[in-house]
Amino acid sequence: MATPIITTQQLTPRGTKVLEIEHDPLLVPFGSFLQLPPFATDNPAPIPNLPQRVSTKMEKQPKKIPKTLLDDPPPIASDVYGVHSNDIIADSSTLLATQHPQQQQPQHDQQPHSPQGSPRTHQHAQLEPDIVARLDEIFFQFLNNLCSNLDATDSKGEKIHQTLMAKKMQKLDESPDFRPFKFRIQAFVNAFHEELIRNGFTEDLLPLRKVKIYLWKSRFISRFNEDGKKAKSKGNHVWNIEAKKIPSGGWVFREFTRKIAGPPPKVAYIGLKYQWAPRVWDPQMRSPKVVFHSPYLPDWLRWENNLLTGTPGIDAENCEITAIAHYYHGDTGQLYKLEKTFFIQVAHLDTVDLPVVSPFSLMQT
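The numbers in the numbering used here rise by one with no breaks, and the one at position 188 of the sequence shown is 190.
FYI, nobody ran anything at the bench for these hints, they're computed from the structure.
Just to be clear, a hint being listed does not mean it is correct.
Listed next, the in silico BS3-like pairs over lysine-lysine satisfying Cα-Cα at most 25 Å (straight line) [claimed, not checked]:
| no. | residue 1 | residue 2 |
| --- | --- | --- |
| 1 | 275 | 158 |
| 2 | 234 | 246 |
| 3 | 212 | 246 |
| 4 | 184 | 246 |
| 5 | 219 | 161 |
| 6 | 161 | 275 |
| 7 | 268 | 184 |
| 8 | 275 | 234 |
| 9 | 219 | 275 |
| 10 | 275 | 342 |
| 11 | 219 | 231 |
| 12 | 261 | 246 |
| 13 | 219 | 268 |
| 14 | 247 | 184 |
| 15 | 158 | 268 |
| 16 | 231 | 214 |
| 17 | 247 | 231 |
| 18 | 161 | 268 |
| 19 | 275 | 247 |
| 20 | 231 | 184 |
| 21 | 231 | 291 |
| 22 | 261 | 232 |
| 23 | 275 | 246 |
| 24 | 236 | 212 |
| 25 | 231 | 275 |
| 26 | 268 | 247 |
| 27 | 246 | 268 |
| 28 | 158 | 261 |
| 29 | 212 | 161 |
| 30 | 236 | 268 |
| 31 | 275 | 184 |
| 32 | 214 | 184 |
| 33 | 236 | 246 |
| 34 | 261 | 161 |
Computed spacing ranges between beta-carbons, pair by pair [said to hold, decoys possible]:
| no. | residue 1 | residue 2 | range |
| --- | --- | --- | --- |
| 35 | 150 | 215 | 19 to 29 Å |
| 36 | 248 | 130 | 40 to 50 Å |
| 37 | 351 | 219 | 43 to 53 Å |
| 38 | 155 | 130 | 44 to 54 Å |
| 39 | 182 | 251 | 37 to 47 Å |
| 40 | 159 | 343 | 11 to 21 Å |
Keep in mind that this is a model prediction, so the values were computed, not measured.
Quick reminder that beta carbons are idealized off the backbone N, C-alpha and C, glycines included.
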């Protein structure tokens, strides 16, 4: 048995010594006192009534559990169809509220699962519409001058154009169609910022940070290739612009649009596995994490981890397929939806000469 340790003592009116102890909680209740037998004093004077001593120790309050990512709303599982490929699902907050993965039951393969990479980024500060309209005017005039002057530089003397081989340049100059221009990013941004300052947009009115945001969001600048990697040329990161010369001497510029990339096989052969692995190309961001699904698929076809696959049987028929992609845009946090519709012809092996050169593989038996 542990020996209590005396910590304080006092006299009661009856001459009883009271000891407060630190104790083993299993032996003596917390805050109790141990009374000892009366003892004699030399001068037994009356002692005033003293309040009983009680412990002033406070019990520690349990620490609040910090909020974690577990409290954040989970990613969505979308069932929305029929929007044009360039449309944005405007009310994504409603979609998030109505599709809660913790309450969902397992779905068929052709239904979408939760898109990975749900946005956890802040939105860039929006520019006022009247400022954007003025910036657009300056931007297109700036592009017109650049496309007409392949030797253009910024104020530091850095070349803006990433020049191509002379033979290729000549071929592009002779083409009546849209042609690509590759601009070195730092020189391009510096030169455009300098052009804005010449037009009254000082650093105080429009800081360089907002100028970059305007350029990042431009639909006429492609910053990423179709493979999802940043565009490069001769070791330098570049921005791509496509322009076509018009008879009046100016240029018109092509708007880049997000799309489902990768051509699907047009023919599915009976007894051979059909496969198509699409991807999304967004000219303003690296390869996004996408969820593919279809509102309708024949019995022999299904989505598996964003791979459209299946083996047609003898009774399979030609079909039209609509592939739908959902993904979040990293800079804005908006949910985008793209569509691609194509036709699959189902054919017998005896209609072609073997061996069949295709991305298919023989069905395992």
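Contradicted hints - numbers only
Hints 1, 3, 6, 7, 8, 9, 13, 15, 17, 18, 19, 23, 24, 25, 26, 27, 28, 30, 31, 34, 36, 38, 39, 40 contradicted; others consistent.
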